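Q: Sequence:
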Amino acid sequence: MRVLVTGHQGYIGSVLMPLFRSAGHDVVGLDTFYFEGCDFGANSEPVACIRKDLRDVTAADVDGFDAIVHLAALSNDPVGNLNPACTYAINQDASIKLAQLAKDVGVRRFLFSSSCSLYGAAGDEMLTEEARFNPVTPYGESKIAVERELSKLAGDNFSPSYLRNATAYGASPRLRMDLMVNDLVAHAYLDGEVLIKSDGTPWRPLVHVEDIAAAFLAVLQSPREAVYNQAFNVGRSEENFRVREVAEMVRQAVPGSKVVYAEGGGPDLRCYRVSCDKLPSMVPDFQPRWTVRAGIDQLHRAYAASGLTRDELLGSRYVRLEQLRRLMQRGELDAHLQWAGSRSH
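First residue of the sequence shown: 107, per this note's numbering; consecutive thereafter.
Treat the hints with caution; some may be incorrect.
Computed cross-link-like contacts, SDA-like style, restricted to lysine to any residue with a CA-CA straight-line distance of at most 25 angstroms [as the list claims (entries may be wrong)]:
hint: 1; residue 1: K158; residue 2: Q444
hint: 2; residue 1: K364; residue 2: R399
hint: 3; residue 1: K303; residue 2: N187
hint: 4; residue 1: K203; residue 2: M107
hint: 5; residue 1: K303; residue 2: R423
hint: 6; residue 1: K364; residue 2: H406
hint: 7; residue 1: K258; residue 2: E236
hint: 8; residue 1: K364; residue 2: A277
hint: 9; residue 1: K203; residue 2: T164
hint: 10; residue 1: K364; residue 2: L296
hint: 11; residue 1: K384; residue 2: N335
hint: 12; residue 1: K303; residue 2: T164
hint: 13; residue 1: K158; residue 2: L430
hint: 14; residue 1: K209; residue 2: H131
hint: 15; residue 1: K303; residue 2: E418
Computed Cβ-Cβ distance ranges for the label pairs, DEER-style [to be verified]:
hint: 16; residue 1: N263; residue 2: G372; range: 47 to 57 angstroms
hint: 17; residue 1: G298; residue 2: E331; range: 46 to 56 angstroms
hint: 18; residue 1: P373; residue 2: T415; range: 27 to 37 angstroms
hint: 19; residue 1: S257; residue 2: V366; range: 41 to 51 angstroms
hint: 20; residue 1: P329; residue 2: E369; range: 47 to 57 angstroms
hint: 21; residue 1: V366; residue 2: D199; range: 36 to 46 angstroms
hint: 22; residue 1: G421; residue 2: Y367; range: 21 to 31 angstroms
hint: 23; residue 1: G447; residue 2: E351; range: 42 to 52 angstroms
Hints in this document: simulated from the structure, not taken from any laboratory.
Note that this is a predicted model, so its numbers are computed, not measured.
Glycine included, every Cβ here is placed at the ideal spot set by N, Cα and C.
Using the sequences and the accompanying hints, generate a full structural model.
A: And the structure:
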């Protein structure tokens, strides 16, 4: 297929693009390049791309594609809280506009990167895709709104699917340190302390970034009737852990490290466990390969091989919120997170 991947320069997109290409698909990226130069390791192979803010996409940008994989978004709760209005403008309004344009020009498949964040404050119950939503952040609210609007667009010539990713982890050419497992391993490696920033009790479903990319590929290649207007939790049902359990796995994997609780860390409202059985049952080509323990080992090796430093851990290179703040302070982005002087860079 000819596939447009929005947010192809991001944490997931930089893993997904080579996977899709190796599967024989003709892929084109679309990205605003907020995180250009924030590489982890060698630069990934360049791909054909459209350099544009998602808010500025036109029908001409999406015409001629068989499918769209929509990853682009302000990528997590802290970034979403930086400017909630921008979160809704980009993650919600621009996403809905993208889907409408895609339907108008005849794009038949639309894979939306949703999130288990839409379950929000849910407690200990194991949640299926039918569970009620209880978001606690603009990020989670935006995902719900897009799913609902995409469902209204579904029809004979437009097949949306919603991949509700669990909390991601793992090495990527566009590494993120604002993800729990990645951050815990980095602190253990650099400081010998597995730093828990909450009270350690919240549940998190976890999924390796390579398994997320594999899920998108499997859904794209599945028969339409298996994935039409369907939501899928992406992860492994057995990979739901409390934060303190993940910290203990990190302690065991990183020699000489110990678990430490940050001063003043309290309970986190975001607490949910999810069942991920639906996706592999309906899309048998998807079978997740990674476990959290294996991902911790991968990250530890990758940090050592790259010579990760404390400045990199805390700075803008791998922390999305800090990079956006840096671009704003330098006057390169305006208050609406648009490139200064134009709406595209």
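Q: For K303 and N187, compute the direct alpha-carbon distance and say whether it is at most 25 angstroms.
A: 18 angstroms, holds
Q: Between K158 and Q444, is the straight-line Cα distance small enough, at 25 angstroms or below?
A: Within the cut-off at roughly 10 angstroms; holds.
Q: Is the Cα-Cα distance between K364 and R399 25 angstroms or less?
A: Status holds; Cα separation ~16 angstroms.
Q: Mind checking the alpha carbons of K158 and L430 for me, to see if they're no more than 25 angstroms apart?
A: 16 angstroms, holds
Q: Is the Cα-Cα distance between K303 and E418 25 angstroms or less?
A: 19 angstroms, holds
Q: Check the hint pairing K203 with M107 against an upper bound of 25 angstroms on the C-alpha distance.
A: Given pair K203, M107 holds - Cα atoms ~22 angstroms apart, limit 25 angstroms.
Q: Take a quick look at whether K364 and A277 sit within 25 angstroms of each other, Cα to Cα.
A: Distance of about 22 angstroms is within 25 angstroms: holds.
Q: Take a quick look at whether K303 and T164 sit within 25 angstroms of each other, Cα to Cα.
A: Given that 25 angstroms is the threshold and the Cα spacing comes to 42 angstroms, the pair is violated.
Q: Check whether the Cα positions of K203 and T164 lie no farther apart than 25 angstroms.
A: This hinted pair holds, its Cα atoms lying about 9 angstroms apart.
Q: State, for the Cβ atoms of N263 and G372, whether the hinted interval 47 to 57 angstroms holds or is violated.
A: With a Cβ separation near 49 angstroms, N263 and G372 satisfy 47 to 57 angstroms, so the hint holds.
Q: With respect to the beta-carbon atoms only, verify the hint that P373 and T415 lie 27 to 37 angstroms apart.
A: 32 angstroms, holds
Q: Is the Cα-Cα distance between K209 and H131 25 angstroms or less?
A: 20 angstroms, holds
The structure fails hint 12 only (numbered hints given earlier).
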